[in-house]
Amino acid sequence: MSDSWRGVAAENRDDLSESVSLLLRARSRRLLAGLLRPHRRAIAVLTAVIVVSNAAGLAMPYLVKTGIDSGIPPMARGEGPGLALTIVGLVLLAALTQALTRQAFLYMAGRIGQDVLLELRRRVFDHFQRLSLSFHEKYTSGRVISRLTSDVEAIAELLDSGFDGLVTAVLTLCGTAVMLLVLDVHLGLVALVPLPVLMLFTRWFRRESSAAYRRTREAVALVIVHFVESMTGIRAVQAFRREPRNQEIFQRLNADYRDANTRGSRLVAVFMPGIKLIGNVTVAAVLLYGGWLALRGEVTVGVLAAFLLYLRQFYEPMQEISQFYNALQSAGAALEKLSGVLEERPGVPEPARPVPLPRAAGGLRFERVEFAYGAGPPVLPAFDLEIPAGQTVAVVGTTGAGKTTLAKLIARFYDPVAGRVLLDGVDLRDLDEATLRRHVVMVTQENFLFSGTVEDNVRFGRPDAPMAAVAEAAEAIGAHGYIASLPQGYGTQVGKRGGRMSAGQRQLVAFARAFLADPAVLILDEATSSLDVPSERLVQRALRTVLADRTALIIAHRLSTVEIADRVLVMEGGRVVEDGPPDRLIAGSGRFARLHRAWLDSLA
Amino acid sequence: MADPSGPPAGRGSWRSLWRLRSYLRPYVPALVVSWVAALLGIAAGTVIPLVGKEIVDGPVTHGDRGALLPLGLLALGLGVSEAVLIFVRRWSQTGPVLGLETAIRDDLYRHLQRLPMSFHGEWQSGQLLSRATTDLSTIRRFLGFGVLFLIMNILQLAAVTVVLLRMYWPLGLLVAASAAPVVALSLRFERRYIRISRTVQDQQGDLATLAEEAAVGIRTVKAFGRRAHVYDGFDRTARDIHRTSLEKVRLASRFFTFLEVVPNVTLAMVLLLGAVAVGAGALTLGTLVAFTTLVLQLVWPVASLGYILAMGQEAMSSADRVVEVLGTVPDIVGGSAVIPRPRGHVRFEGAGFRFPGAERPVLRDVWLEVRPGETVAVVGATGSGKTTLTALVPRLCDVTDGRVTIDGHDVRDLSLTSLRSVVATAFEEPTLFSMSVRENLALGHRDAGDAEIREALEIAQATFAYDLPWGLDTRIGEQGMSLSGGQRQRLALARAILGKPRVLVLDDTLSALDVETEALVEEALRRVLADATGLVVAHRASTVLLADRVALLRDGTVSHVGRHADLLSEVPEYRALLAQDADLDPEQAVR
Numbered sequence: 006m007s008d009s010w011r012g013v014a015a016e017n018r019d020d021l022s023e024s025v026s027l028l029l030r031a032r033s034r035r036l037l038a039g040l041l042r043p044h045r046r047a048i049a050v051l052t053a054v055i056v057v058s059n060a061a062g063l064a065m066p067y068l069v070k071t072g073i074d075s076g077i078p079p080m081a082r083g084e085g086p087g088l089a090l091t092i093v094g095l096v097l098l099a100a101l102t103q104a105l106t107r108q109a110f111l112y113m114a115g116r117i118g119q120d121v122l123l124e125l126r127r128r129v130f131d132h133f134q135r136l137s138l139s140f141h142e143k144y145t146s147g148r149v150i151s152r153l154t155s156d157v158e159a160i161a162e163l164l165d166s167g168f169d170g171l172v173t174a175v176l177t178l179c180g181t182a183v184m185l186l187v188l189d190v191h192l193g194l195v196a197l198v199p200l201p202v203l204m205l206f207t208r209w210f211r212r213e214s215s216a217a218y219r220r221t222r223e224a225v226a227l228v229i230v231h232f233v234e235s236m237t238g239i240r241a242v243q244a245f246r247r248e249p250r251n252q253e254i255f256q257r258l259n260a261d262y263r264d265a266n267t268r269g270s271r272l273v274a275v276f277m278p279g280i281k282l283i284g285n286v287t288v289a290a291v292l293l294y295g296g297w298l299a300l301r302g303e304v305t306v307g308v309l310a311a312f313l314l315y316l317r318q319f320y321e322p323m324q325e326i327s328q329f330y331n332a333l334q335s336a337g338a339a340l341e342k343l344s345g346v347l348e349e350r351p352g353v354p355e356p357a358r359p360v361p362l363p364r365a366a367g368g369l370r371f372e373r374v375e376f377a378y379g380a381g382p383p384v385l386p387a388f389d390l391e392i393p394a395g396q397t398v399a400v401v402g403t404t405g406a407g408k409t410t411l412a413k414l415i416a417r418f419y420d421p422v423a424g425r426v427l428l429d430g431v432d433l434r435d436l437d438e439a440t441l442r443r444h445v446v447m448v449t450q451e452n453f454l455f456s457g458t459v460e461d462n463v464r465f466g467r468p469d470a471p472m473a474a475v476a477e478a479a480e481a482i483g484a485h486g487y488i489a490s491l492p493q494g495y496g497t498q499v500g501k502r503g504g505r506m507s508a509g510q511r512q513l514v515a516f517a518r519a520f521l522a523d524p525a526v527l528i529l530d531e532a533t534s535s536l537d538v539p540s541e542r543l544v545q546r547a548l549r550t551v552l553a554d555r556t557a558l559i560i561a562h563r564l565s566t567v568e569i570a571d572r573v574l575v576m577e578g579g580r581v582v583e584d585g586p587p588d589r590l591i592a593g594s595g596r597f598a599r600l601h602r603a604w605l606d607s608l609a
Numbered sequence: 033m034a035d036p037s038g039p040p041a042g043r044g045s046w047r048s049l050w051r052l053r054s055y056l057r058p059y060v061p062a063l064v065v066s067w068v069a070a071l072l073g074i075a076a077g078t079v080i081p082l083v084g085k086e087i088v089d090g091p092v093t094h095g096d097r098g099a100l101l102p103l104g105l106l107a108l109g110l111g112v113s114e115a116v117l118i119f120v121r122r123w124s125q126t127g128p129v130l131g132l133e134t135a136i137r138d139d140l141y142r143h144l145q146r147l148p149m150s151f152h153g154e155w156q157s158g159q160l161l162s163r164a165t166t167d168l169s170t171i172r173r174f175l176g177f178g179v180l181f182l183i184m185n186i187l188q189l190a191a192v193t194v195v196l197l198r199m200y201w202p203l204g205l206l207v208a209a210s211a212a213p214v215v216a217l218s219l220r221f222e223r224r225y226i227r228i229s230r231t232v233q234d235q236q237g238d239l240a241t242l243a244e245e246a247a248v249g250i251r252t253v254k255a256f257g258r259r260a261h262v263y264d265g266f267d268r269t270a271r272d273i274h275r276t277s278l279e280k281v282r283l284a285s286r287f288f289t290f291l292e293v294v295p296n297v298t299l300a301m302v303l304l305l306g307a308v309a310v311g312a313g314a315l316t317l318g319t320l321v322a323f324t325t326l327v328l329q330l331v332w333p334v335a336s337l338g339y340i341l342a343m344g345q346e347a348m349s350s351a352d353r354v355v356e357v358l359g360t361v362p363d364i365v366g367g368s369a370v371i372p373r374p375r376g377h378v379r380f381e382g383a384g385f386r387f388p389g390a391e392r393p394v395l396r397d398v399w400l401e402v403r404p405g406e407t408v409a410v411v412g413a414t415g416s417g418k419t420t421l422t423a424l425v426p427r428l429c430d431v432t433d434g435r436v437t438i439d440g441h442d443v444r445d446l447s448l449t450s451l452r453s454v455v456a457t458a459f460e461e462p463t464l465f466s467m468s469v470r471e472n473l474a475l476g477h478r479d480a481g482d483a484e485i486r487e488a489l490e491i492a493q494a495t496f497a498y499d500l501p502w503g504l505d506t507r508i509g510e511q512g513m514s515l516s517g518g519q520r521q522r523l524a525l526a527r528a529i530l531g532k533p534r535v536l537v538l539d540d541t542l543s544a545l546d547v548e549t550e551a552l553v554e555e556a557l558r559r560v561l562a563d564a565t566g567l568v569v570a571h572r573a574s575t576v577l578l579a580d581r582v583a584l585l586r587d588g589t590v591s592h593v594g595r596h597a598d599l600l601s602e603v604p605e606y607r608a609l610l611a612q613d614a615d616l617d618p619e620q621a622v623r
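Protein chains in written order, with the numbering used here: chain A, 6 to 609; chain B, 33 to 623.
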């Protein structure tokens, strides 16, 4: 059976960067350098500490050799254990030094790593929040979340497990090679002969395992998506008897994942014994050749013992490198993606010199505004509109007429391609974010609730508002009674994304939030679509008083909303085709009059 | 987010893990091979240093040239064998270990699909996912590697200790004695380490929630200019992670250092006592060399023993969590009856529903009849139980009182397949999966042909699907093309009417459509409902007009049934619910 059930989608950009080699690209290097710069000194100390630690570790076999060769003979001659005791003392000292420096290294390295992670998390999160909506619409929330979670965690994983391993392995490898040669050049060279083989073998493994690892990640991602979607959509699954087909698909994805995992673990099954084989062959060669040399008195027994100990130290870390590659690879890919995000510039930048606007009356003007989404067709061609302060304007029109675009331009979710949008005569681009948001607030049909209590969610409109103001806002839109009837009243948890509330209830909370914010300009984009009729009526009654002294732009499919407007704009193809007080338009014979009659009919 | 249902780390019992052993049964031969290979591998690894001893004591000390080559070749042979045996062990282990995990995951998924909505309502999908991924890998690692290494390490420890004792007992005793505290201490460390790792994981979960909310709710955050507010919350949790992680780092740095110190100190002691012994002539030089190598060989088994024991405890609590799900008995299972030729006569006969433990029932004593081909609208205030009522028909939840029948059969007597092919539902929130449009439409209806799909799409006004970049093969849902709310609902509608179910339940399916599209869809629905039995949840007068009769839900029961016009004029409460602007604007009513 084929994979056709998944359907076709545009190639995911994320997947491509995974194949980028381990060599970090310039921007990743820049990011890394920037993150590490504040820790320059600590890194210098760290380097010194790790060198001392490794020197102490490397000294141990050498001391064993000295002990065997120089400590024992005097004792055998009955000259007392003086030298042997000194050497044992030195071994203990080396062990202690290694322990202390190693602990210091692990702790310091861990601390730097965690500081870097914290900084990275903060930077990426803050940057995402600064990037404009146009970016978020393209990038999608799923990818934002994985940047902030799995990617940062991939780097954490590397710091946790791999980093120490890499440093230790490299230092041990170099140090051991030097010590072997110092102890005995001939025997040392014999012991190092397998080194090129080892490198080629490791390179082969690295290549193969990175491919296998990528396949595993892709396979597990599919398993997870299918699993989670089946569970969140279980109602549809059961209602439409999807279970057998789902099981079939799941088992196949699961089997794919198993196969990918099998490949990865077979690679390790070859790599680990392979390293062991090279190590054991080397040990045998050292025994044979070293034994022969010792026989001829060219090396001492102590040297032979030290060689065996060094070879152990040499090959042991190599075994762990297999795990380290995966961590390094995914961290490299993660860094690449994160640096990509951090180099995105906000499409709606903050002004360099913001114009202060402490109080706003709420007059809005569009001057020759042109707008298009990306390279798409123009949505608004040379648009002019004047909304005096305090006016309530209803915008109607079919999907795609440009109503929502109008709203988004006023809220400065986007900037016009040409022309300007003015609030009280000030170009929106000259207002800093805090000022603009204090004066202009938009409520959409999405009415997102954050996990927390109802009170927290209303207060989102004005975080410093006292409880009384929160209740007042709820009262104003007629939601107080409903909220008070909840099990814990305002303290009721709304559940994940407001999951414990119905769409209508969420919308009421979102409304209260907007009223608490108390802006000069309020934009309602389909904000009442999920309310049942009695609630909608309450909200509308409230709107009449609430909107009395502020500018409002109301977009609605349901024409009931229009009743409270001072003025109606009918839009089509990015232009205003009808403009006037509702009564006059209804009395006429235009589009609005037709729409209105159709709507009245639907009410029976 | 702490998982409230999972037992705390280190409190698991062997019972759950033991229950899962049957999954290993198909792999007994492969397991035997890997265990034998493991045993032989340890033997080879232990003998190699002894060969080294012979070389030092024989040829080197006594100048016995002839013995050097055979001994050297023996070391080579043993070294190669050890590597090959490790390879055999690892290779033959792969099948059983991954097979076990895959089989349990398949079964877990199968079981979860059978568990009813009441179960899924209480369990977040994230909790279920962590059972299907993290917990299963923990179990896999332990049953695959942990148990093997547990036994192997103990054997190796015993074997090497015996060898050491036989070589020179005072030194052997010293080495053996140093093992016990190391195992005990590392077990304690591991437990703490696992606990703190869990905390970090939980905090990462919290952070993920915040990141998710900030990403999904970006419009709200921007609309209110609350960047700083949201950032503060994120920053607080990020700093919590930082703090806990530092604690973890500190613990780990001490632990790993400890693991390295112990063998080194042991080595120093061995060297001291060994040197004295050699000096006294009680020990040969070769033995001392072998001794030091063997002592180092013990480091890993000793140190990892604590790690493996902790891993075993973790695997036990993971097994508990998996078995907890696998052991939940589905309380909605199908009967055996089948309706051969369904007419679609639905009757609620004194039906009631109460959430377990709830004081008040959601529905009580509901009597309602929907005759074949008839459409009944269900109207009621928010929270009056409309959705619950419709869920009783396809048994997404079961009545707690009375019964629901279709063509005279209690729905609980019907097989689920039969029942759910008679009843189809379009939900208020359309669930789309990350699959092709075709797959999303067909769902359980596997043999749907192109003509049928086209018809359903046309009726639902969803032919836009053909214009998507890859037509019906376009992937939609979270991982594919994003569609507007109206498009999603029309697809959900098309899904429901595909296969022409006898009973069609529409749970406020039209709310996200604009007026013009809604009119088109309604017109189409009218045709479908003409010959199917319909149960339609309605918020708007326009939707109610699809129905022949209306049932008003009030205080959890059907208080009125009648025609829309009649209810409108006779029942004030109905008028309040449906007649828009009834009292909002008196002038409007006049006009």
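Some clues are possibly wrong.
Unchecked claim - FRET-style restraints, in silico, Cβ to Cβ:
{"hint": "1", "chain 1": "A", "residue 1": "Gly496", "chain 2": "B", "residue 2": "Ser514", "range": "53 to 63 Å"}
{"hint": "2", "chain 1": "B", "residue 1": "Val593", "chain 2": "A", "residue 2": "Asp469", "range": "32 to 42 Å"}
{"hint": "3", "chain 1": "A", "residue 1": "Pro359", "chain 2": "B", "residue 2": "Asp499", "range": "41 to 51 Å"}
{"hint": "4", "chain 1": "A", "residue 1": "Ser594", "chain 2": "B", "residue 2": "Lys532", "range": "35 to 45 Å"}
{"hint": "5", "chain 1": "B", "residue 1": "Pro362", "chain 2": "A", "residue 2": "Gly578", "range": "47 to 57 Å"}
{"hint": "6", "chain 1": "B", "residue 1": "Glu510", "chain 2": "A", "residue 2": "Asp469", "range": "30 to 40 Å"}
The set of hints was computed from the structure by calculation and includes no laboratory data.
Don't be surprised by glycine CBs; every beta carbon is placed ideally from N, CA and C.
Status of the hints after comparison with the structure:
Remark: the range hint 53 to 63 Å for A/Gly496 to B/Ser514 is contradicted by a beta-carbon distance near 35 Å. B/Val593 and A/Asp469 have their C-beta atoms about 52 Å apart, which leaves the hinted 32 to 42 Å range violated. With their beta carbons about 45 Å apart, A/Pro359 and B/Asp499 fall inside the hinted range of 41 to 51 Å. Distance hint check for A/Ser594 and B/Lys532: the Cβ-Cβ separation is about 43 Å, which falls inside the suggested range of 35 to 45 Å.
For the hinted restraint 47 to 57 Å between B/Pro362 and A/Gly578, the CB-CB distance of approximately 54 Å keeps it satisfied. For B/Glu510 paired with A/Asp469, a C-beta distance near 36 Å keeps the hint of 30 to 40 Å intact.
In this structure, the hints that do not hold are numbers 1 and 2, in rising order.
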